[in-house]
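Novice: Each chain, letter by letter, is given below.
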Amino acid sequence: MKTLIKLISFIALGLNLIPAFLVFQGTISSDQCKTLMFVGTVLWFITAPMWMNKKSKEASS
Amino acid sequence: MSDKKNLVQKLESVNEYEREAIPKSKLKSWKSFVGTYAGEHTAGTEFVLGPLFVAHGASAIDLVSGLLVGNILAVLSWAYFTGKAATKTRHTLYFQLEKIAGSRFTMIYNLVNAVAFCFLAGAMITVAATAVGIPFDLAMPALDDTLPTSFGFVLTVFVVGAITTVIAMFGFNQVVKFANIAAPWMIMIFVAAAVAVLPRMGINSISDFWPVAQETIWSGVPLEGKTKFTFWHIMFFAWFCNMAMHIGMADMSILRYAKKWTAGFATSTGVFLGHYVAWLASGILYSLFLLESDGSLVFAPGPIAYEAVGIAGAICVIIAGWTTANPTLYRAGLAIQSINPNWKTWKVTLFVGLITTIAACFPALMMQLLDFVALYGLVLMPLGAVIFIDIFLLPKMGMRSNFAELTNRNFNPAVGITWLITLIFCLGLNLFGGVEIFFLGLPGWFVAVIVYVASSKIIQKNTSAPDLSSTSSKREVPVS
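If you read the protein sequences in the order shown, they are chains L and E. Position 18, counted from 1, in the first sequence is what numbering that gives the first Met the number 0 calls 17; the numbers after and before it change by one each time, with no gaps. Position 356, counted from 1, in the second sequence is what numbering that gives the first Met the number 0 calls 355; the numbers after and before it change by one each time, with no gaps.
If you are wondering where the hints come from, they were derived from the structure by calculation, not from laboratory data. Heads up, a few of these hints could be off.
As the list claims (entries may be wrong) - Straight-line distance between alpha carbons at most 27 Å, and here's what the computed BS3-like set of lysine-lysine pairs gives:
| no. | chain 1 | residue 1 | chain 2 | residue 2 |
| --- | --- | --- | --- | --- |
| 1 | E | Lys30 | E | Lys343 |
| 2 | L | Lys1 | E | Lys27 |
| 3 | E | Lys25 | E | Lys258 |
| 4 | E | Lys346 | L | Lys1 |
| 5 | E | Lys30 | L | Lys5 |
| 6 | L | Lys5 | E | Lys176 |
Unchecked claim - A few chain L residues that don't get close to chain E, going by computed Cβ distances all over 12 Å:
| no. | residue |
| --- | --- |
| 7 | Met0 |
| 8 | Val22 |
| 9 | Lys33 |
| 10 | Val38 |
| 11 | Thr40 |
Just so you know, even glycine gets a beta-carbon here, dropped at the ideal spot from N, CA and C.
Please work from the sequences and hints to get the whole structure.
Specialist: This is how it looks when you write it as structure tokens:
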């Protein structure tokens with residue numbers, strides 16, 4: 000499960016970067032890029048807290 | 000209630016080992032510092048500093064080469080100065096300074112630090128407010144504005160300031176965790192925003208980039224009323240913008256956890272992602288804004304990022320400003336609280352937050368960030384030189400380290416003299432020699448070293464021998 004969430008997080012990060020390069024190449028429009036980046040942002044902030052900082056939490060408890 | 004208690008416990012755990020050496024079991028490998036530094040140095044300030052290089056007419060070649068050399072020197076300073084001092088003593092800057100300079104001097108240092116932290120946090124609240132104001136279509140400040148521009152802007156600043164202050168009072172640990180989560184995403188947004196706007200600047204292939212960068216983005220022509228930046232300005236700024244952290248030794252507090260001094264090289268992640276990639280990216284965004292607004296002097300990172308990559312960009316500006324302002328405000332509160340430990344931390348933070356928020360209403364704070372960051376480092380630099388020399392050079396010269404602790408004094412005159420003379424020297428060089436603030440750190444450091452060695456020699460010679468010898472057993476044995 001954790002692996003799947005991590006995978007989604009990395010896809011979300013990709014959604015924040017790759018569309019910009021697609022705009023640069025002329026493959027997608029600027030508006031499509033903005034939408035994809037917003038989706039990536041939401042996905043990242045939902046999934047990343049599920050696995051990031053966990054190690055330090057365990058160590059301190 | 001138990002949650003609140005839990006938070007207080009967590010806050011206390013952050014502050015542990017403040018007055019003792021870090022135990023060996025708590026030491027961390029260099030990998031632990033890679034993420035920490037990447038997160039810390041990709042922050043709200045980057046949205047302001049990158050554009051200011053454009054405004055000051057930095058040329059493309061000067062910027063690229065100046066940042067490269069300056070950032071390498073910054074990383075070396077972190078490793079060879081801060082890393083070495085931190086792993087030898089395992090103490091925070093504050094505790095080490097108290098041993099050398101005495102508690103009274105450390106109190107003055109903390110006050111200066113607190114004021115600087117307030118200004119920095121204030122600038123970041125202003126930055127975040129420019130993004131919060133987007134849905135309300137608020138009038139934004141211009142590059143030459145010093146006073147608040149509109150009631151709406153002031154109101155937004157107060158809302159952002161209030162939220163930041165409350166979080167600094169109750170949830171600092173959560174902010175740190177949130178900042179760690181936000182850091183990789185922020186770097187993506189910085190890069191994406193710059194790449195996505197390249198076609199609008201006439202860059203449609205990689206080969207187009209350099210000619211446009213030279214002619215349009217970093218054209219080498221400063222905006223009206225701005226001084227021209229050369230390679231040397233950029234190199235020294237990149238090196239010294241974190242002077243308080245490396246040469247000023249503030250990051251002893253972080254690097255004291257490192258197993259080896261070489262962990263200081265981990266700062267390269269923060270420096271090269273935050274102070275290289277992010278500055279170039281935000282410079283590109285600002286240049287596009289100037290191009291499309293026909294040279295407008297209105298300067299607002301929020302709308303500029305929103306225009307480039309939409310809501311994600313605006314959120315990035317808010318989060319970047321917030322994650323910088325929040326811990327800074329918290330540190331300012333702690334620094335002021337050290338004057339009287341009986342003051343409640345939350346009350347001090349509330350007071351500091353109010354002052355910071357009022358200051359944030361004045362756009363001059365954000366617009367002068369380049370000068371302010373340079374000044375902040377310069378003011379704290381002499382004390383970093385004192386710490387370095389006290390640890391590594393004085394014992395080799397037959398003098399004693401930690402003079403205040405050894406003689407039970409609350410003020411070491413050698414440190415006071417060093418601070419005063421170095422700052423007077425730098426001020427004189429600036430006022431009478433016409434040397435700009437960016438260049439004062441290097442000569443100032445050597446002056447601080449010479450004055451501290453000379454004044455220590457005189458003061459230690461005139462201090463009766465039993466004072467120094469009778470308490471010598473108090474000296475702590477470093478961990479490594």
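Novice: Next step is simple, just say for each hint if it's right about the structure.
Specialist: A quick look at each hint next to the structure:
1. E:Lys30 <-> E:Lys343: Violated, at about 36 Å.
2. L:Lys1 <-> E:Lys27: The hint holds at about 25 Å.
3. E:Lys25 <-> E:Lys258: 9 Å, holds
4. E:Lys346 <-> L:Lys1: 41 Å, violated
5. E:Lys30 <-> L:Lys5: 20 Å, holds
6. L:Lys5 <-> E:Lys176: Cα-Cα ~17 Å, so holds.
7. Met0: 19 Å, holds
8. Val22: 5 Å, violated
9. Lys33: 3 Å, violated
10. Val38: 9 Å, violated
11. Thr40: With a cut-off of 12 Å, Thr40 (chain L) comes too close to chain E, as the shortest Cβ separation is near 4 Å.
Hint check: violations occur at hints 1, 4, 8, 9, 10 and 11; the rest are consistent with the structure.
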